Amino acid sequence: MSNLEQFRQEVSAWLEQNCPESMRMPMSSFEDIFPGGRNPEMSNPDQKVWCDRMAERGWTVPHWPKEYGGGGLQKAEINILREEMSRIGARPALTSFGISMLGPALLEFGNEEQKREHLPRIVRGDVRWCQGYSEPNAGSDLASLATAAEDKGDHYLINGQKIWTSYADKCDWIFCLVRTDNSGSKHEGISFMLFDMDQPGVTARPIKLISGSSPFCETFFDNAVADKRNLVGEAGKGWTIAKYLLTHEREMISGFGSAPKIAVADMALESIGADASGRLANSVLRQNIAQYQLDTMVFGATMARVGDEAKAAGGLGPASSIFKYYGTELNKRRNELNLAVLGESALGWEGEAYSEGRVSRDWLRSKGNSIEGGTSEVQLNIIAKRVLGLPDA
Amino acid sequence: MALVLNEEQVMLRDAAAGFLAEKATISHLRDLRDSGDEHGFDPEVWREMTEMGWAGIAIPEAFGGLGYGYTGLGLVLEQAGRNLSASPLQSSVLVAATVIGELGSASQKEALLPAIAAGETLVSLALQEAPHHAPLQCAMSASKEGDHFILSGTKLLVMDAPAADAFIVLARTAGAPGDDDGLSAFLLQAETEGLSVAPGKMVDSRAYGTLTLTDVKVAEDQLLGDIGQASKGLGHALDIINIGLASELLGLSAEAFERTAEYLKERKQFGRVIGSFQGLAHRAAELFAELELARSIVLQALQKIDEGDPDLALYASAAKAKLCEVAQRATNEAIQMHGGIGMTDEYEIGFFIKRARVVQHLFGDYNYHLDRFACQSGF
Ligand SMILES: Cc1cc2nc3c(=O)[nH]c(=O)nc-3n(C[C@H](O)[C@H](O)[C@H](O)COP(=O)(O)OP(=O)(O)OC[C@H]3O[C@@H](n4cnc5c(N)ncnc54)[C@H](O)[C@@H]3O)c2cc1C
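Chains A and B are the protein sequences, given in the same order.
Every position in the first sequence, counted from 1, becomes a number in the numbering used here once 136 is added.
Every position in the second sequence, counted from 1, becomes a number in the numbering used here once 67 is added.
Just chain A, same shape as in the assembly (with noise of 0.2 Å):
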């Protein structure tokens, strides 16, 4: 026997002993994802046994390397263990931005410390992290934005405000973009800054969006203190750090435009039925499906082409616009089929006949996804830019 269907038969027995019954059905909820933190929010317990029991063996983020908490786990192994979590249905153990995008920017950037102090936090769940990046005058132009950073030695004292901060009200820890030097052209003087939301100089209020729930904040920082140690990079030098770790967002948004679990066709021929030839009797939304279809296939074969190759490569860099572009805008077609799949009952928003609104409320936070981690236009300046060479205007 290989090492490899060794190590298959080892994850396959260890799954079947460690993974609770519940965490293998299937996710209903929001709520279902795990995020972690001081203070979990869960729909189960059984999602911190679960998290917990994934932890110890460096499985949450099995790519990361063991001396940081990680699994240490090679290609073919991590596709093992994903293969035997999908055989048995198990839910992910724990979903964070602190495994999509910070860690990447740490193990790329950080010092020894902070990798040491941080990364394992992460693997085990115990920390929250959330994104400072937006302020109200920096969005898409996020190199202009104004957060000031104080040197006061061993610390530095940070004052502005911060919008859109996904989970502020609920993380632990945020990565955040400030500005420690106002003389040189906008993208220097950023610097990019971990620090405890614990404190009496942060407050996050958060904003109810079109969807109904109240994901995001508005953060607001009043002489709020970062330890000089949680700078990292070099003062004045975020911006590079920021871009990559945009990179490893995108990708992760992009996965949005993966194929759905239940095809659209198939709710589409349970609604509105075939005509004799087995054909959906609507021609017209056929027509719309069967491209929507065919696009997420190639997209799934795109991601397997360029998304493993690059992966292994350390990222995708600027490629990672052309996924999340696309990834986001297939999402947002699929939520527009389902409301013409199903009809006004996809329009329901409260009430058990319309399941509260799963479908209305689905379809409207898709919208925010070719907006979030930089709007779909952006990722086509960057496609311009970065990959084809087009000159700025």
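For the record, the hints were derived by calculation from the structure and aren't laboratory data.
Because the structure is a prediction, the values reported are computed rather than measured.
Take the hints with a grain of salt, since some may be wrong.
Stated by the list, open to error - One-sided excerpt, in silico: chain B residues whose CB lies under 7 Å from chain A:
#1 G346
#2 H349
#3 Q367
#4 S444
Unchecked claim - Partner residues are not named here, just some residues of chain A that face chain B (Cβ under 7 Å, in silico):
#5 K373
#6 L416
#7 V420
#8 L421
#9 L430
#10 M433
#11 V434
#12 T438
#13 A440
#14 I519
#15 R522
#16 L524
#17 P527
In this text, a Cβ means the ideal position worked out from N, Cα and C, and glycines have one as well.
Using the hints, position chain B with the ligand against chain A.
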């Protein structure tokens, strides 16, 4: 299988790129067109291509080929697409040899495939009878009389017909148009009595022909495979063929796009290069993303052929439909973004749209394959 090329495939692709960019370019195509050459390709260049083994890339070693599989042939077709190289690589190799491989008996394959692989014989498929691809609608009759068949009717859009040595002719030995059963394939030499070829050129300057069969007498041993049972093998061959054509479309779309992207960096208006206008830059970026996706489905579909995947029909229609869509957009944008010069015959960009449309329509266009993709997906 990993969606990457192996070393052998990379070498093959690079060799094809180098050779075709020197010997079979758009400028050669233009010369062939302007000289009125009836065959539409240069036999000397074709001879060199066959000497390098390209005609036998996908033909098994047992039948005189290289046995590299269709992924290898697809890579050469992609390069042929980039250069708009005119040769029988499509008609005789991708199409005819594949059909023979699917339908022929062992002895028929032994007789035909080595000759195709060596470039000694040019065979072409005579399938179509109406302007739209619909293989089961084949109506040409083949009636049995004693120990032979009598074929009569017309076949359209037969690739490289003026240069072909032989044709694979599809006809009905039973059943009605639309039926699965009753479709038979026959191998006819070009000089057969009662068979005439009316040569013609399509918009892409390649040679095609109309075959007219008037009471053509065909012996039983000219049947490819079993009588009345051609449709399954033909269907599988058409899946492979459409994936090969998708490779060619990928090559020509990528080349048309890259030339356009270069032009966006050179041409100046309003005191700046036109690529700095966001209205153009965004369209170019979207097209680039589409091309990256197109590349993935072509490679995946090629690999599915070589893996013998039972769902090949799904991948074939996905690849052809997607590449029809992308080629259409890439070639249209190529002309639009070049402005007036894109409309001139002297400038090469206009050659891409012509070849693209013909390849798009060969063996089923976007509408045909999107419908088939949906059927294959169960709706
Ligand atoms: C659901 C959601 C969650 C988010 N979570 C976070 C978070 O956790 N942390 C965080 O920091 N931020 C977060 N954001 C903020 C997000 O990153 C910004 O909204 C985004 O970068 C756009 O900035 P803006 O809202 O200021 O829009 P603007 O930049 O004002 O854009 C308005 C419009 O102008 C277009 N536009 C702007 N510049 C150009 C240009 N150069 N060329 C062409 N078009 C242009 C945009 O594409 C857009 O269509 C989140 C946003 C959403 C929707």
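### Query
Against which earlier hints does the structure fall short, listed by number upward?
1, 5, 7, 8 and 15
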